[in-house]
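Chemist: Chain by chain, the residues run as shown.
There are 2 protein chains.
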Amino acid sequence: MNKVQHKIAVISGKGGVGKTVVTVNLAMAFAKHGIFGRVGILDADIHGPCVPKMLGLKGQNLRVGPPGIFPAIGPLGMKVVSMDFLLPSQESPVIWRGPLKMAAIRQFLSDIVWGELDLLLIDLPPGTGDEPLSVMQLLPEMDGVIIVTIPSEVSQDVVKKAVTFARQLDVDVIGVIENMSGFVCPNCGTRVDIFKVGGGEKMSKELGVSFLGRIPIDPSICEDSDRGLPFIVGHPNSLGTESFTGIVEKIRGFLNQGSRCLSISREKEVN
Amino acid sequence: MNKVQHKIAVISGKGGVGKTVVTVNLAMAFAKHGIFGRVGILDADIHGPCVPKMLGLKGQNLRVGPPGIFPAIGPLGMKVVSMDFLLPSQESPVIWRGPLKMAAIRQFLSDIVWGELDLLLIDLPPGTGDEPLSVMQLLPEMDGVIIVTIPSEVSQDVVKKAVTFARQLDVDVIGVIENMSGFVCPNCGTRVDIFKVGGGEKMSKELGVSFLGRIPIDPSICEDSDRGLPFIVGHPNSLGTESFTGIVEKIRGFLNQGSRCLSISREKEVN
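Line order of the protein sequences matches chains A and B. For the first sequence, this note's numbering assigns the number 454 to the initial residue and increments by one for each residue that follows. For the second sequence, this note's numbering assigns the number 454 to the initial residue and increments by one for each residue that follows.
Misleading hints may appear alongside valid ones.
A pair counts as met if it fits within one copy or between any two copies, since identical chains are not told apart.
Claimed, not checked - Pairs of lysine-lysine residues, derived as DSSO-like cross-links and limited to a Cα-Cα distance of at most 30 Å, are as follows:
no.	residue 1	residue 2
1	Lys-456	Lys-658
2	Lys-658	Lys-511
3	Lys-511	Lys-655
4	Lys-658	Lys-460
5	Lys-655	Lys-456
These are computed hints drawn from the structure, not numbers from a lab. Values in this document were obtained by computation on a predicted structure and should not be read as measured data.
Construct all of the structure, not just a fragment, from the sequences and the given hints.
Modeler: Okay, structure coming up:
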């Protein structure tokens, strides 16, 4: 883990707010403007791992070599580790209690040959229980957490708990992303706020944390995720991709306050 | 628990598929056509309890009396127990590992004075870890589980694990509900399948379990949930309410195969 420059966990408190979609697309956006093979994703959702499916890596396995276990390699050289690679079939549930899950996450962090990475994003399952707690305790040197919410009050209420959770564990909150923020009918252009809009920004202000941006509802996000194509690759000119790009800039800004690694990668690409 | 005629757990595998919305509205639909005060909800989501908010019970407390702890009372006499009633503030996270969560759930089941109930719905958090496992082991005489999914393949993949989970624990699968199934623009009537459509039914066939019905996307569901009004009460003449009613009929059919309790409640109401 000491060759991994930056580590960021993506958390939500509430499930189904699109945390994995956000993780995968942020990772791809970083990789697109970085060095090949220097971004990784640890899918720490033991019960419902979705990262491989969304990156088109279903059916791959982790390769084992003398130095340890190697991550699967996705688009743009993305290094991916997920429980999904270890399951015998799609239908197999992982019926584990906390201590086993902590052991699995510890192995994912220590026994995997991640190599040199500029950034590792850790996709955490919802809640403030075993898995998030394990990751926070096993990676005390984490840069911070990104919190994903949808605009609804119900989601905000749960996500506030995630902010308190991070603070109690003394981890920086990089900022809040509001996903599924408004929907525009592709036929008539009418805007329908299916899960309301603006709740994430309001919550950020209330809690005194940065607001990173909004990602609108777009049926292509679901379609792309289902066929294993990250949305920002499948729809580079969409409003959603624009949002992701803006959010990545803000995260870079946060990381560069403390280090110059990612800005160096950036310069190399620009030159 | 022996005065509770029927016990059904609502599970999903994946978070954010609207499991709590489904639980609350199914409970209300049962209560509407049953005897006052004979339906209960146990919110077994320790980290992100949302049932009280959706029933307008925020800020209530559980009352303690000589026989034990009494549930909060919601609309139509709904008996509700949730971790949320025990937290000092909205922002307080429950940073607990598995064993503590199991202890809390055991107390919710054994120390609460539920009284005589026709039906207890148990809203489980996503995944196949500590909480679902605890509930299944603590309530071996459960009637069965209802599985909620959204139509996307990513959700189906995770939900299949929930079906296997129930089967491995020898619990009946009552059926699958497809939530967030298609969206119709309120302005022009164009149908947009934001999370696709039909995936839940397809999955049910593949796995050989009953399909209970589809609930369309409706912004009112989010609005009603946020203001603490169950959707089927706030919008009794909507397509969504029609779906919930149809689903409840199918569940009644399942329960009546094994007992006559709910059909009796039904007759009383009709006369």
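Chemist: State for each hint whether it applies.
Modeler: Comparing the hints with the structure gives:
no.	hint	in the structure
1	Lys-456 with Lys-658	neither (35 Å within a copy, 48 Å between copies)
2	Lys-658 with Lys-511	between (39 Å within a copy, 22 Å between copies)
3	Lys-511 with Lys-655	between (38 Å within a copy, 20 Å between copies)
4	Lys-658 with Lys-460	within (25 Å within a copy, 42 Å between copies)
5	Lys-655 with Lys-456	neither (37 Å within a copy, 45 Å between copies)
Checked against the numbered hints above, the structure breaks hints 1, 5 and satisfies the rest.
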